[in-house]
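Asks: As a plain string of letters, each chain reads:
There are 4 protein chains.
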Amino acid sequence: MPGNSFGELFKISTWGESHGEGIGVVVDGCPAGLPLRESEIQKELDRRKTGQSKVTTSRKESDQVRILSGTFKGKTTGTPIALWVENQDVDSSKYEEIKHLFRPGHADYTYLMKYGFRDYRGGGRSSVRESVGRVAAGAIARKLLARQRIKIIGYSKQIGPHIAESLDYKQIEKNIVRCPDKKMAQKMVDHIVQARKKGDSVGGVVEVVAQGVPPGLGEPVFDRLDADLAKALMSIPAVKGVEVGIGFTAAEMYGSECNDPYTVKGKKIAAKTNNAGGIHGGISNGSDIVVRMVVKPTSSINKEQDTVTVDGKQAKIRVEGRHDPCVSPRAVPIAEAMVALTLVDHLMRNKLSQLK
Amino acid sequence: MPGNSFGELFKISTWGESHGEGIGVVVDGCPAGLPLRESEIQKELDRRKTGQSKVTTSRKESDQVRILSGTFKGKTTGTPIALWVENQDVDSSKYEEIKHLFRPGHADYTYLMKYGFRDYRGGGRSSVRESVGRVAAGAIARKLLARQRIKIIGYSKQIGPHIAESLDYKQIEKNIVRCPDKKMAQKMVDHIVQARKKGDSVGGVVEVVAQGVPPGLGEPVFDRLDADLAKALMSIPAVKGVEVGIGFTAAEMYGSECNDPYTVKGKKIAAKTNNAGGIHGGISNGSDIVVRMVVKPTSSINKEQDTVTVDGKQAKIRVEGRHDPCVSPRAVPIAEAMVALTLVDHLMRNKLSQLK
Amino acid sequence: MPGNSFGELFKISTWGESHGEGIGVVVDGCPAGLPLRESEIQKELDRRKTGQSKVTTSRKESDQVRILSGTFKGKTTGTPIALWVENQDVDSSKYEEIKHLFRPGHADYTYLMKYGFRDYRGGGRSSVRESVGRVAAGAIARKLLARQRIKIIGYSKQIGPHIAESLDYKQIEKNIVRCPDKKMAQKMVDHIVQARKKGDSVGGVVEVVAQGVPPGLGEPVFDRLDADLAKALMSIPAVKGVEVGIGFTAAEMYGSECNDPYTVKGKKIAAKTNNAGGIHGGISNGSDIVVRMVVKPTSSINKEQDTVTVDGKQAKIRVEGRHDPCVSPRAVPIAEAMVALTLVDHLMRNKLSQLK
Amino acid sequence: MPGNSFGELFKISTWGESHGEGIGVVVDGCPAGLPLRESEIQKELDRRKTGQSKVTTSRKESDQVRILSGTFKGKTTGTPIALWVENQDVDSSKYEEIKHLFRPGHADYTYLMKYGFRDYRGGGRSSVRESVGRVAAGAIARKLLARQRIKIIGYSKQIGPHIAESLDYKQIEKNIVRCPDKKMAQKMVDHIVQARKKGDSVGGVVEVVAQGVPPGLGEPVFDRLDADLAKALMSIPAVKGVEVGIGFTAAEMYGSECNDPYTVKGKKIAAKTNNAGGIHGGISNGSDIVVRMVVKPTSSINKEQDTVTVDGKQAKIRVEGRHDPCVSPRAVPIAEAMVALTLVDHLMRNKLSQLK
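Protein chains in written order, with my numbering: chain V, 1 to 356; chain R, 1001 to 1356; chain F, 2001 to 2356; chain E, 3001 to 3356.
It is worth saying that the hints were derived from the structure and are not from the lab.
Source: prediction; values computed, not measured.
By construction, the Cβ of each residue, glycine as well, lies at the ideal position given by its N, Cα and C atoms.
It is possible that part of the hints are untrue.
Said to hold, decoys possible - Short derived list, chain V residues pointing at chain F, Cβ under 8 Å:
no.: 1; residue: Leu9
no.: 2; residue: Gly74
no.: 3; residue: Gly78
no.: 4; residue: Thr309
no.: 5; residue: Gly312
no.: 6; residue: Met348
no.: 7; residue: Lys351
no.: 8; residue: Ser353
As the list claims (entries may be wrong) - Taking lysine-lysine pairs in the DSS-like style, the calculated list, with each CA pair at most 27 Å apart, reads:
no.: 9; chain 1: V; residue 1: Lys99; chain 2: E; residue 2: Lys3073
no.: 10; chain 1: V; residue 1: Lys151; chain 2: V; residue 2: Lys303
no.: 11; chain 1: E; residue 1: Lys3268; chain 2: F; residue 2: Lys2316
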């Protein structure tokens, strides 16, 4: 029940801090018999890694993963899979200087209020570095999904005012902002670079599509698939909103526009349109699952801001150090991981819905 | 683990269907010693009730609640509180006629895919009638919050293209759409009435504000307060998106605009602005909690739509019967209940964060 | 997480008190498509009922069960099944007289310490009457087990010093102590009747055998099948010990006696002996599951005992009223229900152990 | 929900196998602000260690623990505490030779049936080596209990036919079987040594007493303190029975003997006797908590036994290697750890029973 686990049947428990010994995750509930190598997990971690381009932080994390338990002769045994990534290139000196100040937009103040005490080195547990564990566990989830021909595709849908218009999935990993619209990608990059020059940061929207999800996933009335996806994405640092399908545009629509009429394709029943984003009544309907999350601009900025000291005195702060000027590009693999983890959990839960 | 419970320490489990014996909820984890009368629960149920105005369904549900367990001499005993509301004014005949058709936008198809079998009377378990249990349990949660001077205020922020500009909380319960902007309320009513005349329906946005929430609520890294609120709201039927604070507008902001700088008010540390909606790093910061959800237009419309039969044949459907042309006004007390339940749960969880 | 739910996938949540409106249970997680009638549940409740013979209390409870939700056209729908048994023949007057006294052996003092307040009528929630919900839910579990040809058989193994020597299952329901040894049954009855005459009570041992359980049930390392059975049985009021297979006699054995060597029967691998009670390493091995629990003598006795008042003054108490002089016979269906619930839960959990 | 976690609020998740990279545990829910050093955990691990005397296995495990997360400047931060003990002195060669045989009494057959595949090196996950994680986490639990002046004392109550008569706690750690009765300790040692000479093994009973437990712990009706203790102890490998207080002797008692009458000691209400083992109605009553578990003789014996091969052919097996001829002495710190973990969890849960 404490807050560091996610999932009911395919359960992950993450541990570790930004500037501690490392980041780890224990995956409990993975079925026995799945072939699993470290390199498969590494591949996903490499996509999340820092220091990749001019739009990400220059902190260099090699992020080498080790499988410490749960496999034998290259296959999962059904017992807990422990994964560990040691921290490297850790420099806490900058944080010693500002440890008496609350960084605006960060969790410094709230962690202190909650725990009465905090690890101020690099945000400690509240750092986005914690997502290493999610992405590592997500790699296992993706392997399980691939067996069912389910595919997860994530990308930057929007950065600043620039919104992707075309969705050419092949473009995504070809540009440094992970945008499926080649033209717009360049505008996004420019937007980020300009903000960085001013010591500022920008926000964005990440969209994730899951293809091949069978109908039936989701456990009403509370553990609906959309409700669990909303929690999964909103649990990522810096996320301030989540949508499914048409999302907030539904407010201005009429029912006659919004409903997705059914039709027969081949011999299969299917919805003609996908305003619902693949989910009706909290259960997948066989269409693509489409979800979006908005990521706020990075809180760490190299501009002077008002704040207060731990003793309650007015002060100024400028957060130097190595930070992503826009989190969106690196948030893509994290969002994909959370969607993958949610889907695997619901695939397993759905095995129990009917007799035989 | 099955999906009909919500909350970890203040846990509710709902049961019942639209056209069955009734709707019930078991509240487990309510501390002993809380004064509780049926009339206090009834008050909230009456706000959710149907048949209240020209913008709601004409189904007349008296929705009388009974406390079946968990209290003694007017106080809670610390044991499970069972609440029951018998169904009345049930008319299933309309559903017999269309039981072989999947209503577009509804959960008919997905429930059948999931369970291989479904109660087609009034949507069965997928009906918004299930929310009776949530609102009843929410009334107990609100009593607990009131003891901590925490107040929950919900309202229609938007209906169709009409967005509330002023927030005069006293107006909310004075108009039938629960809008805090008197002028806009009238436009919202007109919008709904016009859609209804055409047999159509409209969507809207509900906003909920929680005042007086102390800093410290939320359990990183997965059970963040915002993540749990997102799940709570997204679990309400017809909701397609959830935002906290600035929400999706964060995509177009700069960090220097978006961060909430700290200041000292009186002798207390507080954020100057509230773009974060009262939550940093998944933990409440002492500012008002501000969340929003979008409700899609009611799926049941009195217009001909394409669909298919259970046997996979193309067909037409027109959903007659008594339906809300816009769910927003009645969704307000449901959203408030879900926010209240989430906050009580996190208040209890936070008691355990520190030694002593 | 509050304590009134049992099971992970087939989850029951009970509510209600001895002298309140009734006893209820919500079963969440029952697969869709199971035929279910009230009469099938009633049959099990009738076995638990009071007023059946000279060795049970004379309180007359008709214990009529109603299914309030979760079925449609005689089949489960996959949604929560709510069951309700109204209380009848309730007489709280005797409890008003002793409400200021702590009954020795009962939970009066501990409930007051825990909750600061208690429903003193008939023990409130701590009454064995609460087991109505367990037996009702257990009847559904037994139906699911029967589909897998798993059979649960319970009986009084010991009452006072009298231990059943022969195990003739056909005898069990033919005598009022539910003993499989006809001769010993009579001695047990005499033992109880004699104690009752003196205003005293006696203890006993209930044994439950589960036949036809496939190998593979149990989730190491904590949710072992034996660990969950131990919890299930120890959660029944008045139980002070639980054993699996040889149980405490293992202390005096040698490994060469205790190990169950494997052999081949037909073409199946099987253990030659069953000292393990069907469980190795927390996982069922295909042999019969054999568990036992000891039930202490009923705490309510019509003899003067020392106690103290709620205000901490020394006092005497004699607990009049209608009580079972020995709980064992009526504990048999309760123990069976708890074993059945545990097995169904683990059958469902085990579906997820391997890929495909 | 998968089976490798224990506890609701103070939750531990263990991972690792006998002959893998090591054994780890993640403790989630430990309150912030607890001073914690590796040496404090090491102290408990050293008590569990092998190679200590002629009655334990000769496998030499140094079992050095590392704290990988969750502390800062010597105090817990409220975030997950990851502990890791690397495996050393691992020799899997003996297991390669018998990998095609099911060792009688072990979990070889059941793990294969459950997972379709197993790590046969040293029992893999089913090895008692897994208890390293329990004892490490238990050391933290004990620190929390010590702050409430709660003390946990465990010892060998019985080995073979030899039962401790006197309970002189100072003797416990002075003899190699951890028996509080000096004279009996010698008989127990002789009994074990003789069995070892014959290549055989013996069983025993471990008793654990918790002093200073306040009244109020336990969450009826399922998460009773005794029920959770029963599960905790029964989840330890080789345990076949659990008792609270008088345990199975209750079957032969009368209510007038068994009830614990109340009296006033000083100004406090207390039970005169402690047949209940400190628990009434599933809630602690302020008396010492007294629980017992029986440990079967070690399954690995150096005698020829019947078994079958993985392919279902009759065979003989003799399990050579380094094994404890009696698990009881080393099971003492494991049992203590499980009791400590259960009590801390219930101390935290009980904070929520009453308003304020």
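Asks: Tell me, which hint numbers fail for this structure?
Replies: Result: hints 2, 4, 5 and 10 break, sorted rising.
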